[in-house]
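Keeping the supplied structure of chain Z fixed, place chain P upon it in accordance with the hints.
These protein sequences, in sequence, are chains Z and P. Every letter in the first sequence is one number past the one before it in numbering that gives the first Met the number 0, and letter 6, counting from 1, is 5. Every letter in the second sequence is one number past the one before it in numbering that gives the first Met the number 0, and letter 43, counting from 1, is 42.
If you are wondering where the hints come from, they were derived from the structure by calculation, not from laboratory data. Each residue gets a CB set at the ideal place from its N, CA and C atoms; glycine is no exception. Among the hints, a few may not be true.
As the list claims (entries may be wrong) - Example chain P residues on the side facing chain Z (calculated, C-beta under 8 angstroms, incomplete):
id: 1; residue: Pro8
id: 2; residue: Thr11
id: 3; residue: Arg12
id: 4; residue: Ala14
id: 5; residue: Arg101
id: 6; residue: Arg104
id: 7; residue: Pro105
id: 8; residue: Thr109
id: 9; residue: Met113
id: 10; residue: Asn116
id: 11; residue: Val117
id: 12; residue: Gln161
id: 13; residue: Tyr263
id: 14; residue: Gly264
id: 15; residue: Leu265
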Amino acid sequence: MQPNSATPFSSYDPGAFYCELTARDGDSGSAGLVRERISAIGLDALRLRARAAERDLFNLGITFTVYSESSAIDRILPFDCVPRIIAAAEWSVLERGVAQRVRALNLFLADIYNTRHITRDGVIPPELVYGNANYRPEMEGFPVRFGTYVHICGIDLVRDERGHFAVLEDNARTPSGVSYVVENRHLMLRAFPDLVAGMKLRPVDDYGRRLRSAMDEIAPEGIDNPQVVLLSPGIYNSAYFEHVFLAREMGVPLVEGADLTVEDDKVWMRTTAGLRRVHTIYRRIADDFLDPTVFRADSLLGVPGLIGAWRHGNVTLANAVGTGVADDKAVYAYMPRIIRYYLGEDAILSNVETHICGEPEGLAYTLANLEKLVVKPVGESGGYGITVGPRASRSELDAARAQLTADPANWISQPMISLSVAPTLTEAGLRPRHLDLRPFAITGRDTWVLPGGLSRVALKEGSLIVNSSQGGGSKDTWVLAE
Amino acid sequence: MSGLQRRTPLLTRDAEGLFWMARYVERVENLARLIDVTQTFESPGREAESWAALVAIMADYAGLQERGLAVDAMNVKRFYLLDPTNPTGIPACIEAARTNARTLRPLISTEMWMQLNVFHHDLLAIEPWELDGDALSRLCRRIKEGVQAHTGITEGTFFRDQGWHFYEIGRLIERADQTTRLLDIKYHLLTPGTVEERRVVELTQWNSLLRAAAGYHGFRRVAQAGFVPADVVAFLLGDTSFARSVALCVEQMDWHCSTLRSRYGLRDTAPVLERIEDLRVALGEPVLRLLPDGLHDFLDSMQRDLAKLGELIGTMFFRDWRPLKQSQEQSQSQSSPGGTQSQSQSQGTP
Chain Z
0 MQPNSATPFS SYDPGAFYCE LTARDGDSGS AGLVRERISA IGLDALRLRA RAAERDLFNL
60 GITFTVYSES SAIDRILPFD CVPRIIAAAE WSVLERGVAQ RVRALNLFLA DIYNTRHITR
120 DGVIPPELVY GNANYRPEME GFPVRFGTYV HICGIDLVRD ERGHFAVLED NARTPSGVSY
180 VVENRHLMLR AFPDLVAGMK LRPVDDYGRR LRSAMDEIAP EGIDNPQVVL LSPGIYNSAY
240 FEHVFLAREM GVPLVEGADL TVEDDKVWMR TTAGLRRVHT IYRRIADDFL DPTVFRADSL
300 LGVPGLIGAW RHGNVTLANA VGTGVADDKA VYAYMPRIIR YYLGEDAILS NVETHICGEP
360 EGLAYTLANL EKLVVKPVGE SGGYGITVGP RASRSELDAA RAQLTADPAN WISQPMISLS
420 VAPTLTEAGL RPRHLDLRPF AITGRDTWVL PGGLSRVALK EGSLIVNSSQ GGGSKDTWVL
480 AE
Chain P
0 MSGLQRRTPL LTRDAEGLFW MARYVERVEN LARLIDVTQT FESPGREAES WAALVAIMAD
60 YAGLQERGLA VDAMNVKRFY LLDPTNPTGI PACIEAARTN ARTLRPLIST EMWMQLNVFH
120 HDLLAIEPWE LDGDALSRLC RRIKEGVQAH TGITEGTFFR DQGWHFYEIG RLIERADQTT
180 RLLDIKYHLL TPGTVEERRV VELTQWNSLL RAAAGYHGFR RVAQAGFVPA DVVAFLLGDT
240 SFARSVALCV EQMDWHCSTL RSRYGLRDTA PVLERIEDLR VALGEPVLRL LPDGLHDFLD
300 SMQRDLAKLG ELIGTMFFRD WRPLKQSQEQ SQSQSSPGGT QSQSQSQGTP
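Isolated chain Z, as found in the complex (with noise of 0.2 angstroms):
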């Protein structure tokens, strides 16, 4: 392709910033060829197809709902069409790293709620620890299957100037988006086959059998064949379609609480043919909300006596309850000391700076540097609460200001990162948007980790939050073979 002034990409500019798609090599050419077929395509035939496959995702409800005040809304997550690739070599760095994080993770939560041993060495504050909402003493001295808390995790990735990744945050409560992964490659295939012929690219839709064969693993000792279910919040949730998604791909009954009943300490589902025990839970129902007798009374969401049955061993959750106090962004900080501590090494990918602002030097540091610097609350998610230091008003750094002081523990700040870009089809042609990446790994008795994971865009210029309920949109993400 001539770089004439049609292709599409001369007026393409990823300025100071790591472009995933222009700034590459050992790639062995992929992204050159990319580059080639886009430009041969044209904008706007790109442009037609794009807004075809969208539409067929809205037409096949692969979407998520919106919550205003007064209305229900059906979106799809926008789908961009250019390609995110990430080379062999590099995704075997992120695989270790993922992996490494996930058991460091589960290590960590089967000791606070057993032994204890990190926070009286000294490692991590016992406060921070034991004092954290998402602390959940139902879980002291309570045994595990393989000691895997955390079955499904997503962990959060970005990439800086350097093109270094870096985790930004780790999810192991219950992540959401991995139905988009694959559906993006299937719409790929679909809408783009010219842009993959030939491409060698790692498969994704194993990930169902995967997460069957780990529920599989993990249900109580003793059962043959288990019945594994998906519970989920019932259609208002916004993460409905990926509940069905999941369900699906698994081949297991999507059930809500009412159809769950506890008995003699053993969970049962009504089915036309009477009650019939459920094994492993697959639950995408907050802690809070699986147990009224546990957990908030005036939840409708759950299953009355569902943590007893757990309790005695009856049934498995996934996950497990109580790995909230891992994922907090609190915790995060110390991750890098977490992996030393539990497995002797240091971690395949490190952290992104973090300041705790529920300790004093860090609060100090935050509130003396906050133009510079993006503060979170520690228990939001979904980039809400997320103050942007630099791009944000007098009035807005004064009220962050305010909330930091009322309450410095809900608190954590770190350096703007200057996250990576690739193109991506806007109005004006192919622009460069910021990107992360969200992989994710299943862990029964091994951790499996899904190549590629969740490639997140924050469509409008210069933002940096990509979060679906907040204007964020997707990419097919494409893991090469060799």
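The following block gives chain P in isolation, referenced to the frame of chain Z:
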């Protein structure tokens, strides 16, 4: 773990969802048929009369009154085609069908969901001009075709386990009910004038009714040249070769219930099968005895019986039904050779 599971469990909630999804979709088609035939019954200058008949068979006078609407052509058409707050109208039915489908997405095929999802968007975007003149008939055809696409996709893609039987039973109850309503519309139509005028009008009306039920050509094939109204009634109610006849619906319900019993061990099908048998007996009554005055009452009681059948299925399988675990585990382990035999015997779907 290898090998295939022979019988997968079905949640009561999903069985109920399938039953109702099928009913609502079927109702949409039948409403379109009713509206279509009502328009053909319009006689110049007295349009409101045929629309009043539609309102009567749907028992919707109160609904129109609540909205302060007089029974005229435009109000009734809007009531059934545009008003989402009318629970017996097409917008509410398609909404209910889609809401059920949404909870059923793990079970139904992607193609079923996609078609229903798009069809739903389509029906909620009906424009007022489509209710007028020749546009209305085209609209009704589009609605019928949408439902037929649904039924065809279901036939070709829906997994045939327990859920499919509940889906079919729901659809059949609804279809039988709607055929009785279609027939009942004739009762509510006034046919004044001289004897000869009445004979001509009646003939036209019976033919329209047959056309609306997609039974016109079938009837021609089996009827004598000089047919009487009783023949049409006997055909719509009792001819098991006619796809929308009540008798065929009842026969198929019976097969689905028996299969649920033999193949899936659902023992509480017994009282349901008894009720189906009652319906069959009632249908055996000679039609001539019903005419001219007994037909409306007969159709009324048939509708009541179908409603009771639906309720019974609800209490037996969907709600509050929770037999003892003990007996349950036993019946689960009874994968007896007898069950397998009846399974292979019943492969031939009626």
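Hints, one by one, checked against the model:
Proximity of P/Pro8 to chain Z holds as hinted, the smallest CB-CB distance being about 4 angstroms (cut-off 8 angstroms). Because the beta carbon of P/Thr11 sits about 5 angstroms from the nearest beta carbon in chain Z, less than 8 angstroms, this interface hint is met. With a least beta-carbon distance of about 6 angstroms to chain Z, the hint placing P/Arg12 at the interface is held under the 8 angstroms criterion. Below 8 angstroms, beta-carbon pairs count as interface contacts, and P/Ala14 has one with chain Z at about 5 angstroms; its hint therefore holds.
Because the closest C-beta pair between P/Arg101 and chain Z is about 5 angstroms apart, less than 8 angstroms, the hint holds. Proximity of P/Arg104 to chain Z holds as hinted, the smallest CB-CB distance being about 4 angstroms (cut-off 8 angstroms). This hint holds: P/Pro105 has a C-beta 4 angstroms from the nearest C-beta of chain Z, less than the 8 angstroms allowed. Annotation: P/Thr109 was flagged as interfacial toward chain Z, and the flag holds, the nearest CB pair being 7 angstroms apart, inside 8 angstroms.
Nearest Cβ of chain Z to the Cβ of P/Met113: about 5 angstroms, under the 8 angstroms cut. The hint holds. Interface hint status for P/Asn116: upheld, as the beta-carbon distance to the closest one in chain Z is roughly 5 angstroms, under 8 angstroms. Below 8 angstroms, beta-carbon pairs count as interface contacts, and P/Val117 has one with chain Z at about 5 angstroms; its hint therefore holds. Nearest Cβ of chain Z to the Cβ of P/Gln161: about 6 angstroms, under the 8 angstroms cut. The hint holds.
Hint on P/Tyr263 holds. Least Cβ distance to chain Z is approximately 6 angstroms, under the 8 angstroms limit. Checking P/Gly264 against chain Z by beta carbon gives a least distance of about 6 angstroms; that is within 8 angstroms, so the hint holds. Nearest Cβ of chain Z to the Cβ of P/Leu265: about 6 angstroms, under the 8 angstroms cut. The hint holds.
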